[in-house]
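Student: Next come the chains, spelled out residue by residue.
2 protein chains.
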Amino acid sequence: MRKNFGAKPWIYPQPVLILAAYDAQGIPNAMNAAWGGISEANEVSVCISEEHKTTANILAQKAFTVSIGTAAQLTACDYVGIASGNDLEDKIKKAGWHTIKSDYVNAPLINELPMALECRLVSYDPDSCRLVGEIVNVSADDAILDDEGGIDPEKLRPIFFDPIRMTYREIGSVAGKAFHEGKSIK
Amino acid sequence: MRKNFGAKPWIYPQPVLILAAYDAQGIPNAMNAAWGGISEANEVSVCISEEHKTTANILAQKAFTVSIGTAAQLTACDYVGIASGNDLEDKIKKAGWHTIKSDYVNAPLINELPMALECRLVSYDPDSCRLVGEIVNVSADDAILDDEGGIDPEKLRPIFFDPIRMTYREIGSVAGKAFHEGKSIK
Numbered sequence: 463m464r465k466n467f468g469a470k471p472w473i474y475p476q477p478v479l480i481l482a483a484y485d486a487q488g489i490p491n492a493m494n495a496a497w498g499g500i501s502e503a504n505e506v507s508v509c510i511s512e513e514h515k516t517t518a519n520i521l522a523q524k525a526f527t528v529s530i531g532t533a534a535q536l537t538a539c540d541y542v543g544i545a546s547g548n549d550l551e552d553k554i555k556k557a558g559w560h561t562i563k564s565d566y567v568n569a570p571l572i573n574e575l576p577m578a579l580e581c582r583l584v585s586y587d588p589d590s591c592r593l594v595g596e597i598v599n600v601s602a603d604d605a606i607l608d609d610e611g612g613i614d615p616e617k618l619r620p621i622f623f624d625p626i627r628m629t630y631r632e633i634g635s636v637a638g639k640a641f642h643e644g645k646s647i648k
Numbered sequence: 463m464r465k466n467f468g469a470k471p472w473i474y475p476q477p478v479l480i481l482a483a484y485d486a487q488g489i490p491n492a493m494n495a496a497w498g499g500i501s502e503a504n505e506v507s508v509c510i511s512e513e514h515k516t517t518a519n520i521l522a523q524k525a526f527t528v529s530i531g532t533a534a535q536l537t538a539c540d541y542v543g544i545a546s547g548n549d550l551e552d553k554i555k556k557a558g559w560h561t562i563k564s565d566y567v568n569a570p571l572i573n574e575l576p577m578a579l580e581c582r583l584v585s586y587d588p589d590s591c592r593l594v595g596e597i598v599n600v601s602a603d604d605a606i607l608d609d610e611g612g613i614d615p616e617k618l619r620p621i622f623f624d625p626i627r628m629t630y631r632e633i634g635s636v637a638g639k640a641f642h643e644g645k646s647i648k
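Chains as they are written, first to last, in our numbering: chain S, 463 to 648; chain F, 463 to 648.
Please note: incorrect hints may appear among the correct ones.
One copy or two, either will do: identical chains are not told apart, so a pair holds if it fits within one copy or between any two.
[Said to hold, decoys possible] With a straight-line Cα cutoff of 20 Å, these simulated EDC-like cross-link-like pairs (lysine to aspartate or glutamate) come out:
hint : residue 1 : residue 2
1    : Lys-465   : Asp-608
2    : Lys-563   : Asp-603
3    : Lys-617   : Glu-632
4    : Lys-465   : Glu-643
5    : Lys-470   : Glu-502
6    : Lys-465   : Asp-609
7    : Lys-465   : Asp-614
8    : Lys-465   : Glu-512
9    : Lys-645   : Glu-551
10   : Lys-465   : Asp-565
11   : Lys-465   : Glu-596
12   : Lys-470   : Asp-603
13   : Lys-515   : Asp-565
Source of the hints: derived by calculation from the structure; they are not laboratory data.
Bear in mind the structure is a predicted one, so any value in this text is a computation, not a measurement.
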């Protein structure tokens with residue numbers, strides 16, 4: 463038997479995306495968003511409402527970064543989701559984060575978050591809250607690379623958002639190879 | 463130091479979304495998609511190209527379901543991602559799955575996948591591959607509910623897609639409460 467829960471925005475898992483952009487004075491701001499993901503081979507889409515400081519910054523600068531939330535920075539990642547940049551002089555500083563400018567777009571990279579997508583603004587529709595960015599570059603700190611120079615998920619320790627239990631969770635063990643396990647049926 | 467990887471569609475984690483729809487004869491088909499997620503409070507968006515059988519079915523029926531891929535059904539979930547419904551008479555059957563019709567939309571629910579979003583087609587744009595569905599209902603099998611009647615992630619055992627290592631992974635331990643941990647900074 464199935465139980466019906468009505469119309470709910472529930473997907474397992476949802477990412478913890480930390481969006482960051484500069485304001486007109488070059489001060490970086492950041493926010494936390496779970497409604498988003500890869501929307502095309504070179505695009506990321508996120509739902510963010512118009513009133514966020516970060517939304518205004520992204521529209522002004524036409525650039526932003528999307529860092530992957532991590533277990534090591536969970537408290538700060540949650541903090542930038544519950545505090546508003548409109549009420550704070552320097553929310554990023556209060557989060558304990560430090561930034562450098564991306565080499566690819568006019569947007570801040572957060573040193574404490576070791577993996578980020580660097581994006582050019584493609585479009586924003588306040589009615590649907592849909593922000594679309596072209597991924598210009600993905601960068602990762604040396605500290606999370608494996609011996610072959612790839613990103614090591616065990617070192618990154620990304621967290622994800624559980625929309626039902628309202629928790630963050632770590633990633634678990636490898637369960638199988640993609641584009642491979644199904645061959646046993648094929 | 464940061465290493466640059468160029469423009470890559472990499473987010474941790476990415477969901478394993480199993481889309482299912484009926485064809486004109488009422489035969490269900492399904493496919494696996496990782497580029498998607500919640501795009502608004504009542505909407506899910508997924509990038510699927512035009513040539514998929516499931517895309518044609520969704521456009522014809524104006525309805526589909528999105529089931530969450532699970533560890534228990536990993537092989538079948540991977541299979542529907544590497545086999546094409548255009549080449550097979552009954553791909554769902556070959557995957558070992560059984561379906562019932564959703565009570566809410568004209569689309570199949572897969573018995574073996576215990577959590578699903580039941581959706582009405584809102585729009586599809588072949589140029590951007592963007593399919594948008596209105597979530598009409600979320601349903602879950604009794605077998606994955608907790609004592610309070612909510613969905614229990616430990617029973618669901620959702621998998622996610624690692625776009626860099628090309629693996630599926632299980633979910634890990636709870637790392638913290640959302641909208642809560644950051645209060646210690648605030």
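Student: State for each hint whether it applies.
Tutor: Now for the hints, and whether the structure bears them out:
1. Lys-465 <-> Asp-608: between (43 Å within a copy, 12 Å between copies)
2. Lys-563 <-> Asp-603: Within one copy only: 14 Å inside a chain, 48 Å across chains, cut-off 20 Å.
3. Lys-617 <-> Glu-632: both (12 Å within a copy, 17 Å between copies)
4. Lys-465 <-> Glu-643: Neither: 30 Å inside a chain and 31 Å across chains, both beyond 20 Å.
5. Lys-470 <-> Glu-502: between (24 Å within a copy, 10 Å between copies)
6. Lys-465 <-> Asp-609: The answer is between: 13 Å across copies meets 20 Å, while 47 Å in one copy does not.
7. Lys-465 <-> Asp-614: between (38 Å within a copy, 13 Å between copies)
8. Lys-465 <-> Glu-512: neither (35 Å within a copy, 33 Å between copies)
9. Lys-645 <-> Glu-551: For Lys-645 and Glu-551, only the inter-copy Cα distance (18 Å) is at most 20 Å; the intra-copy one is 55 Å.
10. Lys-465 <-> Asp-565: For Lys-465 and Asp-565, only the inter-copy Cα distance (11 Å) is at most 20 Å; the intra-copy one is 50 Å.
11. Lys-465 <-> Glu-596: between (39 Å within a copy, 19 Å between copies)
12. Lys-470 <-> Asp-603: So Lys-470 and Asp-603 pass the 20 Å test across copies only (16 Å; inside, 36 Å).
13. Lys-515 <-> Asp-565: neither (23 Å within a copy, 42 Å between copies)
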